[in-house]
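Got two chains here, each in a separate frame; can you build the complex from them with the hints?
If you want the building blocks of each chain, they are given just below.
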Amino acid sequence: MSTAALRPSTGRRRARIRWRRLRGSPALIAGGTILSLIVLAVIFAPLIAPYGPIHQDLFNTLSGPSGKHLLGTDDLGRDVLSRLLYAGRTDLSVGALAVIFPFCFGTALGTVAGYYGGRTDFVVMRIVDTLVAFPFYVLVIALVFVVGPGVKGIVIAFAVADWVVYARTVRSATLIVRESEYVAAAKVGGLGDLRILVGHVLPNTISQAIVYIMSDIVLVIVAVVTLGYLGLGVQPPTADWGSMISDGQQFLTTHWALATVPGIAVVLTGLSLSLIGDGLADLLRPQ
Amino acid sequence: MIGVASATFLLLHAVPGDPAREILGEHATARSVAALNHSWGLDRSLWHQFVRYIGDLARLRLGNSFVSGTSVTSLIAARIGQTAALVGIATVFAVLITVPLAAVAASHRDRVHDHAVRGLSVLGLGMPSFWVGIVLIEVFAVHLKLLPVGGAGSGIGGHLEALILPGFTAALAIVPLLVRSLRVGMLEVLNADFVAAERANGLGEVRVLVWHVARNALIPTLTLLGLNIAYLVGSTVIVEQVFALNGLGFLLLQSITARDFPVVQAITLVLALSVVAINLVTDLVAARLDPRIRLR
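Protein chains in written order, with this note's numbering: chain A, 852 to 1138; chain B, 67 to 362.
Next comes chain B alone, as it looks inside the complex (with noise of 0.2 Å):
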């Protein structure tokens, strides 16, 4: 955790442009520009910015502002849960679409149900999400007009509403690798011995399927979910974009336009620490279900 944020720091104190300057305009005097960035501590040295900011962090006070002045802290609790609705649902989309999809590729191995499966999850991989978004929004909204084209919608149900296709659309972004590590996963299972032996009990496929080779799928889907959570938090930056949604990402990209420093550090270490924080939770859970797993 300190490593991300000190990463963070680094990585956004390394800035040659100078924010100052771009809120003033270029018509600013020289003294101006320096009593703003006096007043942001921008003048002092990397080392003693540093300190401050680890020490604010501690405080959990991540700064105002440069551009509307309000707390950094009050912007990111406004929008949290906007992402979050998002990452939960695009979610459960992933699980709902990744499991049959790879039961189906494992249980028919190299037939044609297994080709068709791998062959779609190889096109998911080179479509940017952007785009996916946007022929959703062709299609559903525009064409059969059963979805909103954009926006937060009102009512919870209007909400709920509003979040199927960005959810949708962040789900594609991992089913692909999702589907893939798990049909290798199942088909590990489908080979175990107690597999052979439920099929000599005389147990039918399905049953099998669904009970003894869903079950035993299970803790590695919990763990790839965790993996790759990481790449889904990141997609929502872009899907809020695309359906005008105002989570954190559309904030991210607001402030990145506007050189709004304390806010693009403070939501890029949000999002870092979530992502942190959803690995542990993922792992504790993994290894609640799955007595083999044991933690150090």
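One chain only, chain A, in its complex shape (with noise of 0.2 Å):
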């Protein structure tokens, strides 16, 4: 039989076990389907958003749920619906933006350091055993002083601070890969370091540097609301989920939804990345 007959059937096939093993993962689905309304409701914030973000009414502050206002006014009459999407915005965006330098780092720093070992291993593993030693809040939130807050800062205080763990992940994945009869092969069949790094070892590891991704986003996400809780974060009058919650926070005794509604919106972002995050890693985990 020749294989040009199977692969139709066998590609059908394939598609096919994925899919049960999708369907199979209740978590995956679900997460997936709270986080893209989510993301569609963000994107397409200035179409279902009935005011601007900033649109102040200053007859019309602190007033309850109305048809004009459903999730009702802020203390300078902003409406509370319209900010909550913009702010997601913000948030995921900035959330996104800043774990993907971690990502890419602490991956190239780990397959370096697992594959040639040596000098090279331990310099870096010394940097990484030096910034674990940091409560991670507390080397956040000195980076961003000395960066400055704002977009900016958050990226690079991140991109210092959090590609710890994956390098450590990604480096053990190396130093089994490296010991591999593939890999050996390679070197023998004369490939460079960089094709074989790339072509051969890359694509055995990055598997478990991205389930981590899927969770560390959600540490970033909340991090990143808490810089804005603590005034470090996306400067006001941009709308962040963070500032909204310190905003309300003062209105507590009278107006407790200011500071809640905000914190759900943070709750059931983290969880539906959550959800993703556990149905990936078993989709991914080797059967």
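Because the hints were derived from the structure by calculation, they are not lab data. Computed from a prediction, not measured in an experiment: that's the story for all the values here. Each hint should be verified, as a subset may be incorrect.
Selected chain A positions facing chain B (Cβ under 10 Å, derived; list incomplete) [claimed, not checked]:
no.: 1; residue: Thr-981
no.: 2; residue: Ile-1096
no.: 3; residue: Leu-1126
Here are some chain A residues the structure puts well away from chain B; computed CB gaps all over 10 Å [said to hold, decoys possible]:
no.: 4; residue: Gly-883
no.: 5; residue: Ser-944
no.: 6; residue: Ile-1027
no.: 7; residue: Gly-1040
no.: 8; residue: Ser-1058
no.: 9; residue: Pro-1088
no.: 10; residue: Asp-1129
For glycine and all other residues, C-beta sits at the position ideal for the given N, C-alpha and C.
Structural data, given as structure tokens:
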């Protein structure tokens, strides 16, 4: 039998197996559904939001939910629902941006350290040990202080503070792959280090980093919101869930929803990402 | 430790801002800014500053606050107790919440209890601790009026009462991570041969779980706590802010707003060093408790 005759059926079969595994993972489906709803709402915020994020109606401040303002207004008469949507835009995009650099740095350094070993490995791992000693939030806050608050500060702070776990995970996976026969074969075949690393080592180690990025992005988004709460994040008047919560905290006794609603948005986002992370971990785990 | 000290220095001396100008205000003359910079030694080369910093550190001199002029050591000494108490209470809460949850989840593997506990831990991971703090204040202090809204309280009873909500909030920051790992650890113990042997001997399920499994899961819990203590210490910075507790984290954020350089540097260093110290202690205790662990 020729392989050409087999290909379509195996391709379809593989897709079917993958679909069955996907369907078997309710976590992935639930997380994916919630996340896509949030992302869609946030992308189309300018179309959905009834008002602009910084549009003030000073005659109508701290009003409760009504037909005009579904979630009410804050102390400056800004529509809470509109701000919530625009804030999601800020937090999700900053979070995504902030997680990319540590992922790339960590994976690259972990691969190099694990593959070459020796002095390179020693230096990288000592830097890792030093950074791990710093409490995460203290390190991030100190770094944002150094660079200055705002998107640039956040991205740089996470690039410096957050690559450590990626480096560790990828390094230990690389240590195993390095000893494998196919890497030895590639070496004997005369391939250069770079080609071996990119073509043979990375494809086998990167899935672990991808599983970690899903739980890391939850951590990063929560941290971005926390920085916003502390006044070190995205600067006002740009809406951000953290600053919305800190603004709402002063009205806790009279208008509890102002601080609670943005928090629920954060929790829902975190929940959906964690569920996807769990589902992916099951899916990518070798059977 | 030297690595941590150097990293702290490098981190903060890359600051683009000009602390002297911040303090003297926009209208200060260039001469007075230069004079202030000189008296703090900020006009010297980076290398010179570094040598002086390490020298001061060796003599436990952390310099004076740029803002209030008092010595940083006394500022920290006045607040470290508050932070230590918070970390202590949070650790106790974290263990009290984690161990039963993990035990229930592990002993009912893949049944409703297990899914409930795992669901809760997934939910917990996505909750920012400052928001949890606010919700707890809302429920327990504002509506039920059971506990104080914030501040340190007076008297020993008052202090403890004032630490319940903050401690609980800080504990919740690490509980999801702890529950997940401990559940896996307990599952391993539950599948071990000696547990099967106990069951075969006719010991009741509760007795097996409490006496044999919990005892064997104690050491992994301890190690886990050590690993997560850095995260816990970091969360206290935020929790102190929410509950207006005048600890190290509170001072850190105040000093950041004021660009009070020596204080930020010293607090970062002290917090990082205490994490290293706590890790060392947990390793030693674990080695003491478990004859299988040998320290190199």
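Is the interface hint satisfied for Leu-1126(A)? The criterion is a beta-carbon contact with chain B at less than 10 Å. For Leu-1126(A), the interface hint holds, since the closest Cβ of chain B sits about 6 Å away, which is under 10 Å.
With d taken as the least Cβ-Cβ distance between Ser-1058(A) and chain B, does d exceed 10 Å? Label holds. Min Cβ-Cβ 20 Å, cutoff 10 Å.
Does the claim that Gly-1040(A) lies off the interface hold, with its Cβ farther than 10 Å from every Cβ of chain B? Its Cβ never comes within 10 Å of chain B, the nearest being 40 Å, so this holds.
Interface exclusion of Ser-944(A) relative to chain B, criterion Cβ beyond 10 Å: For Ser-944(A), whose nearest Cβ neighbour in chain B is about 18 Å away, the distance exceeds 10 Å, so it holds.
For the hint on Ile-1096(A), just tell me whether its beta-carbon gets within less than 10 Å of chain B. holds (6 Å)
Cut-off 10 Å, beta-carbon criterion: hint that Thr-981(A) touches chain B: holds (4 Å)
Since Pro-1088(A) was said not to touch the interface, does its Cβ keep a gap of more than 10 Å from each Cβ of chain B? holds (19 Å)
Looking at Ile-1027(A) again, its CB stays over 10 Å from all of chain B? It holds; Ile-1027(A) is separated from chain B by about 21 Å at its closest Cβ, greater than 10 Å.
Just want to verify: Asp-1129(A) was marked as not at the interface with chain B; is every Cβ pair farther apart than 10 Å? violated (7 Å)
Can we trust that Gly-883(A) is non-interface, i.e. its beta-carbon lies farther than 10 Å from all of chain B? holds (14 Å)
The structure is inconsistent with hint 10 alone, although it conforms to all the rest.
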